[in-house]
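K.L.:
Sequence:
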Amino acid sequence: CIQSKESSPVKGKSSSGLQIITKDGTIYEFSLPNGEQDVSLWQKHIDILMKRVKSRGEGSADYGEASGSEELESEERVDNPFKMGWLNKQPGKTGFWKRRWFVVTDGVFSYYKTKSIINPIQQLSLVNAEARQIKVAGKSLWCFQLFVPTSNRLFVMETSSREELVEWISTIRGAAKYAKSLNLGEGNLSSAAEAGDDGSITDEIENEFEEDDLEGDDSD
5 CIQSKESSPV KGKSSSGLQI ITKDGTIYEF SLPNGEQDVS LWQKHIDILM
55 KRVKSRGEGS ADYGEASGSE ELESEERVDN PFKMGWLNKQ PGKTGFWKRR
105 WFVVTDGVFS YYKTKSIINP IQQLSLVNAE ARQIKVAGKS LWCFQLFVPT
155 SNRLFVMETS SREELVEWIS TIRGAAKYAK SLNLGEGNLS SAAEAGDDGS
205 ITDEIENEFE EDDLEGDDSD
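Numbering-wise (my numbering), the sequence shown opens with residue 5 and increments by one.
A couple of the hints might just be wrong.
As the list claims (entries may be wrong) - Only pairs whose alpha carbons sit at most 30 Å apart, straight line, appear in this in silico BS3-like list of lysine-lysine: (1) K93 / K117; (2) K102 / K143; (3) K48 / K143; (4) K143 / K119; (5) K143 / K93; (6) K143 / K97; (7) K119 / K97; (8) K87 / K97; (9) K139 / K181; (10) K48 / K119; (11) K117 / K143; (12) K117 / K97.
Derived from the structure by calculation, the hints contain no laboratory data.
Bear in mind the structure is a predicted one, so any value in this text is a computation, not a measurement.
Can you make the complete structure from the sequences, with help from the hints?
P.N.:
See below:
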């Protein structure tokens with residue numbers, strides 16, 4: 005159980021601060037270089053996660069030895085991956101690549117024109133979604149493709165590095181499992197692998213997509 009609040013900038017840092025207090029009273033302070041926008045964004049996502057924890061009744065139980073049923077529940081629980089950051093998104097049929105702010109949380113894939121905007125351009129359930137690295141002419145090696153079968157949507161995005169590529173693919177795949185475990189609503193919700201030196205990722209996360217009859221992303 006945690007609570008968060010905006011705090012004074014961490015000493016020696018010219019930025020806004022975020023303070024997180026855990027159930028046992030431990031206080032963590034973080035420096036956020038992009039100011040109040042970062043503070044508001046992190047508070048928003050922490051609040052979302054806290055509401056979900058509260059709704060499940062987690063965090064209310066005392067720490068201690070778990071019962072057999074609790075241990076079984078813990079083993080069966082699927083992790084809820086979270087990631088957010090800037091990605092370059094390929095347009096649908098015409099236009100230029102656009103830099104957008106992406107968020108993956110609670111089994112949902114969302115993206116925004118900027119990270120300070122609350123309402124997303126689009127939100128999609130990641131149930132049965134697939135992500136894999138692809139090569140795109142004229143772009144870096146760090147591109148990946150996301151196919152959302154529940155809405156028949158295909159996205160192509162470019163990350164900034166090999167590490168980011170691996171993290172995004174891993175997060176999306178984990179979020180797809182999480183969404184499926186929740187029986188999360190399908191379709192449009194609104195209008196761990198290593199990379200090789202050549203940029204290719206290992207066979208463990210390689211999947212071939214059939215691109216016939218898929219709808220490209222024509223939105224912003």
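K.L.:
Taking the hints in turn, state whether each one holds.
P.N.:
How the hints compare with the structure:
no. : hint        : result
1   : K93 / K117  : 11 Å, holds
2   : K102 / K143 : 13 Å, holds
3   : K48 / K143  : 33 Å, violated
4   : K143 / K119 : 24 Å, holds
5   : K143 / K93  : 11 Å, holds
6   : K143 / K97  : 17 Å, holds
7   : K119 / K97  : 25 Å, holds
8   : K87 / K97   : 28 Å, holds
9   : K139 / K181 : 25 Å, holds
10  : K48 / K119  : 12 Å, holds
11  : K117 / K143 : 21 Å, holds
12  : K117 / K97  : 19 Å, holds
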